[in-house]
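Given chain C's structure and the hints, the job is docking chains S, Z, W, R and D onto it.
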Amino acid sequence: MTYLAKSPWILHYDASSCNGCDIEVLACLTPMYDVERFGILNTGNPKHADIFVITGSINEQNREIVKNLYDQIPRPNVVVAVGICACSGGVFRECYNVSGGIDKVIPVDVYVPGCACRPESIIDGIVTALGILEEKRTKMVLDVDKKEHRHAGLNPDHILSTGGVQ
Amino acid sequence: MINIVWAIVFVLVAPLIGGLIAGIDRKITAHMQGRVGPSIFQPFWDVGKLFEKENGVVNETQIFYAICYVIFMAFTGALFFAGGDLLLVIFALTLAQIFLVLGAYSANSPYSFVGAERELLQIMAYEPMVILVAVGLYVATKSFSVSDIASSTVPVILLIPGIFLGFIYVLTIKLRKSPFDISTSHHAHQEIVKGVTTEFSGRSLAWIEITHWYETVLLLGIVYLFFAFNPLLGIAAIIIVYLLEIFLDNTNARAKWQFALKSSWLIAVVVGVVNLAALYVLNGGVS
Amino acid sequence: MMAAQVITPIGVGDVVSKAGQAKKDGYRLVQIGCTKIGDDFEIIYVYDKDFTLLSYRITVKEDVVIPSISSEYFGAFVYENEIHDLYGLHVSGINIDFKGTFYKTAIKHPFNVTITKEGDSCQNK
Amino acid sequence: MTLFENTKIVISSLFTRPATLMYPAKPAKKTANTRGHVTINPAGCITCRTCQRKCPTQAINVDVKEKTWEIDNMRCVVCAVCVDTCPTTCLTMDNQYRPAMTARGGIEKVTVAGPKKKEPAAAPANGAKPAEKKE
Amino acid sequence: MSKQITVPFGPQHPVLPEPLHLDLVLEDETVVDVIPSIGYVHRGLEKLVEKREYTEYVFIAERICGICSFIHSQTYVQGIEQIMGLEVPERATYLRTIWGEYSRLHSHLLWLGLFADSMGFESVFMNAWRLREHILDDLEATTGGRVIQGVCKVGGVRKDITPEKLDEMLKGLRGMEHELNDLTNVFLNDSSMKHRLRGVGVLKKEDAYVLGAVGPTARGSGLAIDIRSTGYGALGKINFKPVVEYDGDCYARCAVRAKEMFTSIDIIEQCIKKIPDGPVDMKVTGAPDGEYFSRTEQPRGEVIHYIKGNGKKNLVRHRVRTPTFTNIPPLVTLLKGVDLADVPVVVLSIDPCIGCAER
Amino acid sequence: MQLTQLLIFLILFPLIAAFFLLIAKKDVERNWIVKLSALIIGAVSVFLLITTYNKGAMLVSVIPAEQTGILMFVLEMLIAVYILYLGITYKKWLAVALILVQTVMILFFELFYAHGVHVESNLFIDEFSLIMAMIIGIIGSLICVYSLGYMKFFHEHHTEMPDRRPRFFAILFIFLAAMFGLVFSNNLLWVYFFWEVTTLCSFLLIGYTKTDEAINNAFSALWMNLLGGIAFTCAIIWLATAGGGMLGLSDLLTTGKAIALIPAALIGFAGLTKAAQLPFSSWLVGAMVAPTPVSALLHSSTMVKAGVYIIVRFAPIFQSTFTGYVIAMIGALTFLIASGIAISQSNAKRVLAYSTIANLGLVVACAGIGTYEAIWAAILLIVFHAISKSLLFLATGTVEHRIKSREIDDMTGLIVRTPKIAAMMIIGIAGMFLAPFGMLISKWAAIQAFIDAPLGFLFVIILVFGSAMTVFFWAKWMGKILTVTSDGKNIEGEVDKSEWAALLSLAGLSFVTTLVFPLLSTVLLEPFLLFNYGHVARLSQDNIIIMILMLFLIVLLPLSILIPHRKHRHLAPYMGGRTTTQDMRFSGSLGVQKKTVLSNYYLHPYFGEAKLRPLGIWLCSALIVIMLLATIAKGVIL
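Protein chains in written order, with our numbering: chain C, 47 to 212; chain S, 4 to 290; chain Z, 4 to 128; chain W, 3 to 137; chain R, 112 to 470; chain D, 61 to 698.
So that you can see chain C by itself, here it is in the shape it has in the complex:
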């Protein structure tokens, strides 16, 4: 049993969402849904985060930002794409400035559909993420034991090879 699953701190970034999913992510923190029950805090700081919650799709300008933030989150971490824009580009898929879902840039672990996502779905998504988080932790510990622990995920090639769809 790890503590990771009991205290997942999230970093929320609005890639190019319409705010719909965005405010629903925030709504999760508020009294009605209160995800702090599960130890979830919205840290707003990648250095402290475990779960990277992204709403909205990748566009030309936030590509670097998303990658940068992802790199600054200490391992193990998981990425949750919230909303269909984050999953696939959604309704804006065909816009000239939208390149598609978050998985074009960083590996995504959980996809939460919806437009806009309901807070309940977001909670479900994060709970799903917790399982993955724990798996990753176990894997990380094993890797260290095998003395193979290299800077996991820092290498952009790694990201592309594991997560890049298409």
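FYI, nobody ran anything at the bench for these hints, they're computed from the structure.
EDC-like cross-link-like pairs, simulated, lysine to aspartate or glutamate; straight-line CA separation at most 16 Å:
{"#": "1", "chain 1": "D", "residue 1": "K212", "chain 2": "D", "residue 2": "D223"}
{"#": "2", "chain 1": "W", "residue 1": "K32", "chain 2": "C", "residue 2": "E166"}
{"#": "3", "chain 1": "Z", "residue 1": "K52", "chain 2": "R", "residue 2": "E317"}
{"#": "4", "chain 1": "Z", "residue 1": "K26", "chain 2": "R", "residue 2": "D318"}
{"#": "5", "chain 1": "Z", "residue 1": "K107", "chain 2": "C", "residue 2": "E106"}
{"#": "6", "chain 1": "D", "residue 1": "K627", "chain 2": "S", "residue 2": "E55"}
{"#": "7", "chain 1": "W", "residue 1": "K56", "chain 2": "R", "residue 2": "E167"}
Same frame as chain C, now just chains S, Z, W, R and D:
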């Protein structure tokens, strides 16, 4: 006299008590906000989690400062609970705090830097009042030694109520509660992200959390000194003071540093002069 | 039903003087919008006073340099930068000139070109 | 008093039950109108492709030959236009939202009945439609 | 050497839920220079008119922004209806107005919460968002969506509300009123709030006019710009007065929004009382040919949808001028000279909706 | 008499060294003379300590007073003429007027009263003098050694200035001689003579570079110190007339307040000017134009220390008198205001200057209070301040030559760029404000002393605010140095051996003195206090152990960096998600790459010089006037 046993007890037990206080704090805060909130053991899980995470740093010296911070804070608390000299405790506390500031400086990032400067501003804001607490306790009990003050039968609070109030005021700064969570706050919704602790992560952040627990226990220990003549009253005072801090946290917007500095200085001057002058008159002109 | 809206055509040279006149008359700038029709670009300047619109339209070719009205209306820079970035038209004398970095788009001047990126009619991806 | 104006709210919240819905422990709140996801009654679908054409995000793909109707939940914006425009009302809006997925997927494929070839009673009324489909 | 501190504020920043990017140059903690830049949310959805029919496009227009979603769709369809000369059933206009005001309520509550959060007043944030959930519940029950309603369509609305439900909604709102009172009281009277808001980020009336401020930003500076006064939708039959404050500081802008919530409740009440029976929808054929500036009042201010059609199913041009877009120049001028601690407060005081601004 | 010889040797030997330095033109010769002389002076000082530490106060009366007196008078007149000449040359009429007044007064004294004065013992030594002699002998000579490297570098890089190093080093040594004379003299006339010599030396050293700024500042230092000199002369004349010709310091201190208070107040005033207390602080700040070793000398071991030395000497007279309280208040206010101004300063040397003024203010406050505890604190302050401040000045000087700037903001990341010097600087700064280093022990002692004094709580309140501000400006400087910049290159290069020796010795001293301060206290301070007050102040055993424990922690913890530890992943600093290059350039608005600039807070609107200085000047001037008037009125009435 220094009592080593108490020092060791502090070093071992304070994190447990401090963590529990933090947990209860979060629970009560959540209820005040109309939600259920986390388990009261959540702070321990958070710290456990941080120890499980990868150690990410901007540069290695940060870890050094974080460790110095916790060591000196534990040392300070141990010194206090062992019954050492209160002034020395306060100086040691400042030293510990400086390590946190240096850790923030060393990261060379804008948010951490602004946080460090603000932390220093805060130190500047509360330091006079904290020393005045020691002075007031000395004037009331004729000793700087914590063990003497704790075993004194003088009803300290009746002699220095003003200084006690002033201390409660700056305690808000020390506990990083709204309105004075200026350099860093428990929830990072702040213009400077998480201020001094922005660049700390994983293990070093866990150390800093533990340090906060030590600090909380130490500060509540100082509250106790005002009521040491009656231990029950002392415990009650600690509880009431902490509840008051939670209440303040939930009923105030974050103030700006200018206000924090001005108001805490003003209070320090006023209660310092009034209370000490009153004592001076009471004691018939002898200090 | 609201009142019909009249858009007065003017020349490129009149843009600034009309803006000055509007400002003098107490109009606020509501928007500057651009539309590409064939090879021409229509730019509409819209002012408002007491919920009545005053609109001017200029029709220009791509190579025409449009004078900025940001000297009259400080806030015009957002619209003018936008027109520059989305349509590739040149606006001279903007007070805060982002020089093409207002919107960083995947395709340069997207509204000036016909985008051939195939909208996939079916998911399967 | 202008200090601590929030006292009333804080104290009353402290002493009343929290507003939290305790979501996973208790089921999610829903209303009859809630748009969760689109479901299809395969028997009713005539593969007319109206839904595919009207869908603003092109989430629906109807394969006339294979007689399949598929929807990509990663694209669907649950606007319910398909439901409104479906001539046979075989599409309905369920108020249960779609679960999270750990891999990019979300495509639901349903084999449907396809165009109704003989329906004597209804044929005169909307005979144009089956005819169209035959092409 | 100048004694300055550069702070890259955003695009990812905890107090700004949306990506806005400010290069702050500080001296001590005073902002001496600020250059904003946007474009992190720019999708380019206006170009989609070339790919979507004007009727489908409603759903795209609605997703310009998830907060102002309903009013965006309303503005868009009003523009289309204007060009096509459609007479929308009256009940539909009333319903649109009701939902519009509901959107305003939810947006203002959302904003009040975020605004409090930017000052570290977490419990007010929680309280505001708790109240907002009641509004969202009503929206969901009547439209099916919490934040994206999807009920507007060209020629009317897609859902009707039963009279019982309308009564229930009204009762709910009236029941909420005292809680709203408690909430706004904190914003308007608490001294720690006043300390942060009074005299911070003062926008003078003349500046607001010249810089093109709209919505509460303008009304906080004494400009009574409220497009609802033009009487679009059913508002022409409703009695209301725009809320105007004169100080032009953050406090005034906050007060405008706080008081507007009560105006919105009043408008909803009048609508519910006056709403006629009848259909909510009409059949639409053909396609728009012409151009129109459709204006409505969003929670953040005046929004303009410029719609130009040429008789085909696809529009020629759809241009949205959102309130945040035109509030950016005032924001830039406001930020100079404030404290770093005030930056998020001032930024939020114009209620920026970057999703809107960049489309 | 071995003691006599030692004392005279210490006074005269630097003069001899000065003479040789004046004629030695070659670098090698100068290096040898300076190093040897410094070694000798240091060694003899230590020898003096070893031989006399347990002997108590000793008077020396074998010097032929008559002849020496005449010699001193002649020298004083020569100095006066020289200053007069310079004053007229540079058209500094204020200085001219003051020197004229002073000369006339001295002449007046010599002609009418000198014959009536007879002092048994001209020289004396007690534990306090011994401590001062240590400071001068060890720190002073270390600074002279340091100057070798510094001045060489200085003239190599400032070729526009004439190389007048022989003169420079000669003055340095004369300065040391004068300081030795000052602390060993029992005869107030002798004290006065050496007093004037320090004034002259500092004047010449400040004006060394002969730029317009240097000359102006030198003259402003001169006229302020001349004011003090005039007050000193007044005191002597008063003693010669109303005081019955009692000019022996040891006699004066035992006669009691009735007679000694007025001269003590006057000399106290002189001390305030020399110790650069408000309103006379500006000369010390202005003295920053001189080469850095001069600043170090003025601030740590000589000049300003002469000012506080004389005030502390008279402390028993001040104890629980109105005069004493007013002087203490001037000191306390100076501490408060100078600490505040130091926050607003970005120039490292100015920060150091204001910090000196502040700390001297604290010494003056302690001396004005005058209780045994306060004096204990005061002397500790003098010792620890001398060590840390000289270390800081010298380190700043060395850094300045590397980074070509004195701005604290330019010192960002020194720990990466010049790690060794940065470490020295950190030790100096830590020594100034952190537990368990000396300055903090002294401040602690001061707090205790203040509370125990009547009405002391007022001073405590001032003190706590002052020290809070002290923490602020030191910590932010420290933070700047310790910032780890990712793009820093080591630019330390070769540090001149002489500079290095001085820095290392001083850094070592600040640790050693902190460690051995209990010894210092029992061996030197306690006998002194016992003799003068009949009471002893000390820290309790427990506290000493704890302090030593802390010191060990502080020494040992940095070593932990050397221990290899687990791999860490390096994350870029948080920049709001923006991409950042290695040298901290981020992609900013308008598509421009922006450099991250992080400069300290200086809080000008709150602590600016323009705001606080006038306040301090008015308050303290008023207090000085009150002090003098009240004392004289009281003296005249009695």
